[in-house]
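Chemist: The primary structure of each chain is shown beneath.
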Amino acid sequence: MTGLGNNPGVPAAVSGRTRGGWIVPVLLPAINLALALLLSAVVVLLIGESPARALRLLASGAFGNAEAIGYTLYYATNFIFTGLAVAVAFHGGLFNIGAEGQAYIGGLAVALLCLGGGGWPTALVIAAAVVAAAAGGAAWAFVPAWLQAKRGSHVVITTIMFNFIASAIMTHLLVNVLIKPGQQSPETREFAPSTWMPQLHDLARSIGWEVGRSPVNLSLLLALGAGGLVWLYLWHTRWGYALRALGHNETAAIYGGIQPARTVIAAMTISGALAGLMSLNEVMGVQHRLLLNFLGGAGYVGIAVALMGRNHPVGIVIAAVLFGALYQGGSELSFDMPKLTRDMVVVIQGLIILVCGALEHALRAPLDALFSRPAQASAQR
Amino acid sequence: MSESLLVLALLAAATARGAAPLVLAALGGLFAERSGIVDIGLEGKMLVSAFAAAATAAVTGSAWVGLAAGIASAVLVGLVHGFACITHHGNQVVSGMALNITISGLTVVLGYAWFHEGGQTPLLGPGARFAPIQLPGTSALGQVPGLGLIYREVLSGHNVLVYIAAVAVPVVAWIVYRTRFGLRLRAVGESPGAVDTAGISVSAVRYCALVASGVLCGLSGAYLSIAHNASFIRDMSAGKGYLALAALIFGQWRPLPTLVACLLFAFADVVQARLQGTPLPLVGVVPVQLIQAIPYVLTVLLLAGFVGRAVAPRAIGVPYVKER
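From first to last, the protein sequence lines stand for chains A and B.
Sequential numbering of the first sequence, starting at 37, is according to the numbering used here.
Sequential numbering of the second sequence, starting at 51, is according to the numbering used here.
Just so you know, the hints here were simulated from the structure itself, not pulled from any lab data.
Note that the coordinates shown come from a computational prediction; the quantities given were computed from them, not determined experimentally.
Just to be clear, a hint being listed does not mean it is correct.
Here are the computed lysine to aspartate or glutamate pairs in the EDC-like style, where the Cα-Cα straight-line distance is at most 20 Å [said to hold, decoys possible]:
1) B:K372 x B:D246
2) A:K186 x A:E286
3) A:K375 x B:D285
4) B:K372 x B:E240
5) A:K375 x B:E167
6) A:K216 x A:E226
Looking at chain A on its own, in the form it has when it is part of the complex (with noise of 0.2 Å):
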C-alpha cells in the first residue's frame, strides 16, 4: 500500500475496551475536555479577559433560554451527521477528512432536488432530499475510497483533495451556473416553503406545546435516528464487524475471511452519505437555499467530535451537543466580550482534537496504570 503507511488512521479510540470499565469512556473525555478548556483559559487571560467569566457567559449562551437550547441542538445537528462520518470511518482504521466536501455535494444534490420539487408534497420532498443527501456525500466518498481500495491512493490526501475539488466545482456553479439572475452574490433562488424542512417548534405547536422559535427542525430526529442505524450497522451486521475486525487488525481480518477493499469502499460510502445528509439541516431546515460555503466547518467540527464521543453513537451525541453549545454559546459570547472573537470556538475544537486525538496516549497510559495496580495488586493476594 503507497500512501501514509499501512494502517495509520485507527486511533486507540477505536480499541476503547479496556481494564477499568467506566474510566476510558467516562473520566479520560472528561480529563481531555477539562485539559482542553484549560488551554483555551490561557488563551483567554492572554486577550485579557477573565476565563471564569467567559465560561458562565458561554454556558447561559448556550442553555439560557429555550431559543438557545433550540439554537444549540441547530447546530448540534450538524455535528452529530459529521461526526458519525468521521466515526464510521475511524471504525475501519480510515481517517475521511473529506466530510466537509461530502456534505457540499450533498447539499448540492439536495438543492437541485428542492429547486425542482416545488409542487411536490412535503412528505414525498423530505425522503427523496434525504435519498439525494445521502447520495451525494456517498458519491463524493466513493471515489476516493474506491482509489485506496484499489489503486493504493491513501484515502487522507484523496479525501483533502477532494475538498478542495469540491469547493471549486460548488464555486463555479454558484457563481457561473446556479445564481439566482440579476443578484450579486452567489447564491440560488429561495426554494419553495413547501420543500422546507418542518421546524420542531411549528411540530411541537400542532400537539399544543408552545417552544420558543429557533432553526432546530426535523433533521435534528433523522441525526438521531442515523446514529442508531449507525449503531446497529456497527456492532449488530456482519458488514461492522467486517469495518472493526479490518481496523483492528487488517492482517486477521484478512485471514478470517474478510475483503478489505469491499469492507472499506463501503464504510467510506456509508461515511459520506451520514456527511452529505448534515446539509439537509444547513440547506433544507434553515437556509432554504444553496449558499458558497455553507458548512461553516462543521466536517472539520465532525473530527473533534468523532474523537471526543469515542467513535460511539451515544458519545457522538453528547460530544455533538457539547460543540453546538460551544457554538452557540461562542456567539453570544462575542457580544458580551467583543475581544473574544467566535473564532475562540475554532481554538477549542482545535484543541480538543489535539488533547483527544493525538495526545491521547500521553493520557491514557497512566490513567490505566492509575486504575490497574490495585486490581493487580488484589489479585496476588
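Mind docking chain B on chain A? Use the hints.
Modeler: Chain B alone, transformed into the frame defined by chain A:
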C-alpha cells in the same frame, strides 16, 4: 514579437513569485515526510508564521525581526507536533489537523484582540517588509535584447525570500542526498528499526526533521505576510500548505521534481488569473474555478497511479516504538 516576449517574461516572473511559498513549504514537508512523519501541518505552520511575522514586524518595524518571529513560531508548532507524534506515538494526521484548526482560530483571535482591526494586522511600512531587490547591473544589462529582458523582468526584482526559495532547492537536495544527516533522515523514514540498531536515535533525527520543516514553513509564511503582502489577513495561507503537500507528493518526495511541481501549480494559478473571462480557442471561456482545481485533480491522478507512481517513504505515518 517583443510584446509577446514581454508577456511571457511577466508570466514567468509571476510564476516564480507564486511558487516561492509553495517551494519553501514543500521542502519543509520533504524533511518531515522523509523522516517518516506525515506533515499535514504545513498549512498551520505557514499560517502561524504569517501571523507572527506580520505582528512582530508591525510592532518592531523590522522585517528581519518579523521573519525570525515567524520562523520561531513555526518551529514551536513543529515541536508540539513532534511531542504528540514522536514522544507520545500519537496519530500524525490527527495531530496535524488539530494544529491546523487551532492555528486558524488562534491567529484571528489574537490578531483581533491585539490590533483591533478585525483579525488583520496593521499595514506594514516600507522598512517592515521585504522589498523587491534589483540585481546588480539591471539597468545596464536590461538594454540587451532578448537575454536582457529575461534578466530584467524574470530574474531581477523579486524580494529576498524568492531568492532564498531558489537557493533552498539545491541546498535541501545536497543535505538530503550528500550529508550524514540526510542519509540518516532517509533511513529513518524507510526503516527506523535499522537506524536504531546502528545506535542512532530515531526520535532525535525526527525532531531535527521537524525543526527543519518549521524553519522552511516559517520562511514560507513570512513570505505571505511581510513580503508578498503588507499585512496578515485571516486564513491567509488559504490552502497553500495543502497545495505544497500535493506538490511534494507530485514530486515524489524529491527536491527537484517537487520544485517542478510547485512551478507547475503556480503557473496554473497565474494562467487562471490572467485568463479570467478571456475565451480560448476551441473550448471557449474556461471557468477560473475549474482551472484552480487542476493541481488537486493532478495529485489525485498521480496518487492513483494514472500518471506515474508516487511511492511514499516506507515508514511514513507509523510511530516508532522502541522495543523494550
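Chemist: List in ascending order the numbers of the hints, as given earlier, that are violated by the structure.
Modeler: none
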